[in-house]
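Work out the full structure: start from the sequences and follow the hints.
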Amino acid sequence: MTKQKKGFLLFVASLIPGAGELYMGFRKMGLSIMALFWGCIAMASFFSLDAIIFLLPIIWFYSFFNTHNLKSLSEEDFHSIEDKLILPVDGFVKNKEQFIKRYR
44 MTKQKKGFLL FVASLIPGAG ELYMGFRKMG LSIMALFWGC IAMASFFSLD AIIFLLPIIW
104 FYSFFNTHNL KSLSEEDFHS IEDKLILPVD GFVKNKEQFI KRYR
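Converting from the sequence shown to my numbering requires adding 43 to each position, the first position being numbered 1.
If you're looking for bench data, these hints aren't it; they were derived computationally from the structure. None of the values given here were measured: they were computed from a predicted structure. Just so it is clear, CB atoms sit at the ideal spot from N, CA and C, and this is done for glycine as well. Careful, some of the hints might be misleading.
[Unchecked claim] Below, computed lysine to aspartate or glutamate pairings styled on EDC-like, alpha-carbon distance capped at 16 Å:
| # | residue 1 | residue 2 |
| --- | --- | --- |
| 1 | Lys48 | Asp120 |
| 2 | Lys71 | Asp126 |
| 3 | Lys114 | Glu125 |
[To be verified] So the derived label-pair ranges between C-beta atoms look like this:
| # | residue 1 | residue 2 | range |
| --- | --- | --- | --- |
| 4 | Val55 | Leu99 | 14 to 22 Å |
| 5 | Leu128 | Phe107 | 17 to 25 Å |
| 6 | Ala94 | Gln141 | 14 to 22 Å |
| 7 | Glu119 | Leu52 | 22 to 30 Å |
| 8 | Glu140 | Ala78 | 19 to 27 Å |
| 9 | Phe104 | Pro131 | 16 to 24 Å |
Structure (structure tokens):
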């Protein structure tokens, strides 16, 4: 993780879901939010599921306010935040090592 970021570039990055977290150095968090956001758009357009579109503002607001909450933390609290996936996929795979070997 890098130094805590503040300023205009952080605000601009926070407008794109996941980009603010990536800009602050939280890769897993940022990429999982981006995948969730763009995955919802892809699923809605590919399967013609218009109901999924209602999740997009929820994901966007979560990402925006999560970025600004991370920005407002003290320096020591910021460095104690663990970079983790938003939706834990470890629970979906029982034997993670075997799964990684098989599909890598």
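These are the hints, each one checked on the structure:
1. Lys48 - Asp120: holds, 14 Å
2. Lys71 - Asp126: Distance ~6 Å between Lys71 and Asp126 Cα, so the pair holds.
3. Lys114 - Glu125: Holds, at about 15 Å.
4. Val55 - Leu99: 14 to 22 Å: The hint (14 to 22 Å, Cβ to Cβ) holds, given that Val55 and Leu99 are roughly 19 Å apart.
5. Leu128 - Phe107: 17 to 25 Å: holds, 19 Å
6. Ala94 - Gln141: 14 to 22 Å: violated, 36 Å
7. Glu119 - Leu52: 22 to 30 Å: For Glu119 and Leu52 the Cβ distance comes to about 23 Å; the hint holds.
8. Glu140 - Ala78: 19 to 27 Å: holds, 23 Å
9. Phe104 - Pro131: 16 to 24 Å: For Phe104 and Pro131 the Cβ distance comes to about 21 Å; the hint holds.
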